[in-house]
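Let chain A serve as the given structure and place chain B on it in line with the hints.
2 protein chains.
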Amino acid sequence: MISKAVIQELINELGKDNVISTPEDLLVLGYDATPGLHHRPDIVVYPTSTEKVQAALQIARKQGFPVTPRGSGSGLSGGSIPVKGGMVLCLNRMNNILEIDEENLTVTAQAGVITLDLANAVLAKGLFYPPDPASQKISTIGGNVMEDAGGLRCLKYGVTGDYVMALKCVLPDGSTITTGGKSVKDVAGYSFKDLLISSEGTLAIITEITLRLIPPPQTNQTMLAYFDNIETAGKAVSEIIAAKIIPSTMEIMDKTTINCVEDYVKIGLPREIAALLLIEVDGHPAVVAEESAGVQKVLKQVKATEIHIAANKEEALGLATARRMALSAMARVSPSTLMEDATVPRSYMAQTFAEIEHLAAKYNLIVGTFGHAGDGNLHPTVLCDERDTDQMKRAHAFFDDLYTKVLEWGGTVSGEHGIGIAKREYLARQVGSGGVAVMKRIKTAFDPDGILNPGKIFFDDQEF
Amino acid sequence: MISKAVIQELINELGKDNVISTPEDLLVLGYDATPGLHHRPDIVVYPTSTEKVQAALQIARKQGFPVTPRGSGSGLSGGSIPVKGGMVLCLNRMNNILEIDEENLTVTAQAGVITLDLANAVLAKGLFYPPDPASQKISTIGGNVMEDAGGLRCLKYGVTGDYVMALKCVLPDGSTITTGGKSVKDVAGYSFKDLLISSEGTLAIITEITLRLIPPPQTNQTMLAYFDNIETAGKAVSEIIAAKIIPSTMEIMDKTTINCVEDYVKIGLPREIAALLLIEVDGHPAVVAEESAGVQKVLKQVKATEIHIAANKEEALGLATARRMALSAMARVSPSTLMEDATVPRSYMAQTFAEIEHLAAKYNLIVGTFGHAGDGNLHPTVLCDERDTDQMKRAHAFFDDLYTKVLEWGGTVSGEHGIGIAKREYLARQVGSGGVAVMKRIKTAFDPDGILNPGKIFFDDQEF
Chain A
1 MISKAVIQEL
11 INELGKDNVI
21 STPEDLLVLG
31 YDATPGLHHR
41 PDIVVYPTST
51 EKVQAALQIA
61 RKQGFPVTPR
71 GSGSGLSGGS
81 IPVKGGMVLC
91 LNRMNNILEI
101 DEENLTVTAQ
111 AGVITLDLAN
121 AVLAKGLFYP
131 PDPASQKIST
141 IGGNVMEDAG
151 GLRCLKYGVT
161 GDYVMALKCV
171 LPDGSTITTG
181 GKSVKDVAGY
191 SFKDLLISSE
201 GTLAIITEIT
211 LRLIPPPQTN
221 QTMLAYFDNI
231 ETAGKAVSEI
241 IAAKIIPSTM
251 EIMDKTTINC
261 VEDYVKIGLP
271 REIAALLLIE
281 VDGHPAVVAE
291 ESAGVQKVLK
301 QVKATEIHIA
311 ANKEEALGLA
321 TARRMALSAM
331 ARVSPSTLME
341 DATVPRSYMA
351 QTFAEIEHLA
361 AKYNLIVGTF
371 GHAGDGNLHP
381 TVLCDERDTD
391 QMKRAHAFFD
401 DLYTKVLEWG
411 GTVSGEHGIG
421 IAKREYLARQ
431 VGSGGVAVMK
441 RIKTAFDPDG
451 ILNPGKIFFD
461 DQEF
Chain B
1 MISKAVIQEL
11 INELGKDNVI
21 STPEDLLVLG
31 YDATPGLHHR
41 PDIVVYPTST
51 EKVQAALQIA
61 RKQGFPVTPR
71 GSGSGLSGGS
81 IPVKGGMVLC
91 LNRMNNILEI
101 DEENLTVTAQ
111 AGVITLDLAN
121 AVLAKGLFYP
131 PDPASQKIST
141 IGGNVMEDAG
151 GLRCLKYGVT
161 GDYVMALKCV
171 LPDGSTITTG
181 GKSVKDVAGY
191 SFKDLLISSE
201 GTLAIITEIT
211 LRLIPPPQTN
221 QTMLAYFDNI
231 ETAGKAVSEI
241 IAAKIIPSTM
251 EIMDKTTINC
261 VEDYVKIGLP
271 REIAALLLIE
281 VDGHPAVVAE
291 ESAGVQKVLK
301 QVKATEIHIA
311 ANKEEALGLA
321 TARRMALSAM
331 ARVSPSTLME
341 DATVPRSYMA
351 QTFAEIEHLA
361 AKYNLIVGTF
371 GHAGDGNLHP
381 TVLCDERDTD
391 QMKRAHAFFD
401 DLYTKVLEWG
411 GTVSGEHGIG
421 IAKREYLARQ
431 VGSGGVAVMK
441 RIKTAFDPDG
451 ILNPGKIFFD
461 DQEF
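The listed protein sequences derive, respectively, from chains A and B.
So in full-length UniProt numbering, spot 79 of the first sequence is number 79, and the numbers just go up one at a time.
So in full-length UniProt numbering, spot 207 of the second sequence is number 207, and the numbers just go up one at a time.
Bound conformation, chain A alone (with noise of 0.2 Å):
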């Protein structure tokens, strides 16, 4: 509990409405979009600029409870909900975009912008801003920058970490920092700009962000191709890029993700399919013509039952925005949905979906695949009810058994959505006590008091 003192002095600090301390409001900042995962903060507060930031840090510290940063909690690996009670530190509120550099191809941000406000606001300046997680609509950058977020368009242009330039943040001890700039190139002592990158919200608060941005594309062509088993389609994906053809995006779904797509967005997905491709080539006129012919005759020769060029812009963009809403269309059906975020080299794609269709049938359970088939990261999903115990033992069970193949083919346990608390024993097993030792002291060299996420740190032994 907080004392009233306490609050009062927030208050002073960062204003009435920006702090909420009722227990009905704390309710519901205690979960992200990870099902299962959830914990009441004592108090949250809505800084509205980086010194709000500091000034509410400094009162966590001096009161000593920890603080969990937060953007719009749409994490998926409860990387933001505050398993030791104490301060959500919510920075939605911070959503100004404070510069569009048309000279040096830069935007900057607060940390709390939307993602597709921000991408929006620099196409409407003629600039792109590739990374376009499924979630844009509703994500922050900042969340974004601290997972280090992919997309449908990753494959081509990369992910959220390959386009910070710059951030501002507050350290653990109330001081800030900036790290990066808008030189393009800059190896001034260590990148901490880097490692910053992808650290969940465990090392510093970000506040402000810089972000590169790059000429847009001209023109692109999206394109379906439909599979009658989804090793093919696996297959497919492996040998466009064999064919040194790199599309902008290449999703994949499978029959159960497609159904229940179909189901929620009636757009006219082939129910009977195995699978299917989303294929994106963008580009000049003439190199988006010639990948995608290069891509066709790799479908051809692969055997895919059938292609479908979008005939327009309009038809592109549905296709894409069904693609997106594949997880809301499964929890739609589904009392529970367990989602999971393996990634394989590319060449083991194929290997990959047997491996799934095999652990779904030996455990007994309904999986939907679907992800960014492109970079080797999918997303398979298990229809389940959480009340149903001996069904959960056995979902846990099949990404337990996933996940020895994954790492056994060189792969990791998280593409995109992070470790957060969801995936904890996962990450040992992927780097080994010598790397959970490392990323021990780093967390100490930044958070020696561990005010920052505690007992939800990767590598956190305690359970909560």
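In case anyone wonders, no lab produced these hints; they're calculated from the structure.
This list has only true hints and no planted wrong ones.
Label-pair ranges, simulated between beta-carbon atoms: (1) K362(A) to I11(B): 53 to 59 Å; (2) E51(B) to G268(A): 58 to 64 Å; (3) E315(B) to N312(A): 41 to 47 Å.
Quick caveat: nothing in here was measured; it's all calculated off a predicted structure.
The beta-carbon is built from N, C-alpha and C at its ideal position, and this holds for glycine as well.
Structure of chain B alone, referenced to chain A:
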């Protein structure tokens, strides 16, 4: 002094040919390519495997002497000079390319492979490793990673670090760790792969590197533009980028550089002009044609005095080679060359040139400026004589003033050469005492005993 017993122990572990201990042989390993800096090591070892690196490090730990890792010694900030003596651990006999993975578009190599050898090996398989530091004929890929080396093509393609997928390294405690992998996305825990990049051998010894490859551009076109004053060349660079054209290369040489290069390579560069830009566009033929036309349009608008299109590949290669010779060409005519590595946001290019001219006049110095104009990364080089104390004092004052401006404009004291010994005093001016404090804590997290590069970690206060 290192005892005969310890030398014998090292010989037993590494083999006789891989241990150097005679004073005359040690002398040459006390230099890198930075003028005015040298310190003789006590012993030099050439490990031939990761295990041998571990063995050498363990012996050094036991004896309590410092270890300085080194590649070819082409570094330009003194990062591989063993300023506290001890062991130089030279990786250039670990020079095997271990795998070219055509399915996943990766190459894995030992740290001592020469950069150009690696680039040629992957090109023979129809793949492309873009980063091309000017020193690529002699530099090692391990050294490139440790400095996050840039190069001529980095404007469009990014720097070395943008291609690093995995690093195998030996930590200061002698344990090995692999960070990253062949998955194109990986957010499992802190990204210490990215922290190791540009850490200048102060955190770990990199032994194997996996790099991302891309399909090579189909074609390219090289052109030269001449200018009657250098600020106009700077303006041309900004305007080409503002026109949303990202050439693969946009290099500048001023009059002093042009004349030194022409004296050396005699390819008919015009001696009377104030500056030239070497510009290359690459990609699909249609893109090359359009971008080339777009670049020429801008060049005419800003009033370049002449535009010359390379007639063929040989001429283009000759021009790039001439540019790569810039430093050697100046070193040929001047007893000493003090080269710096100032980088500014691109919009400050013209001002930076003006400032360099102003300061050269103020301090009565001959300064040749060349570099990666498209990246805002310049190498103003003072032609001087180490033995002339007054001139050296003026040269240092020149750089001091210049960096004040560079930092005022949001630039960096090192775009690609690193901090090493040469720029320690500038680092704190850039990152502040808070930044230095975090860097010190990171160093301690990796290397609590300070065995790697002691006395020349970026922020060491001690002089040597």
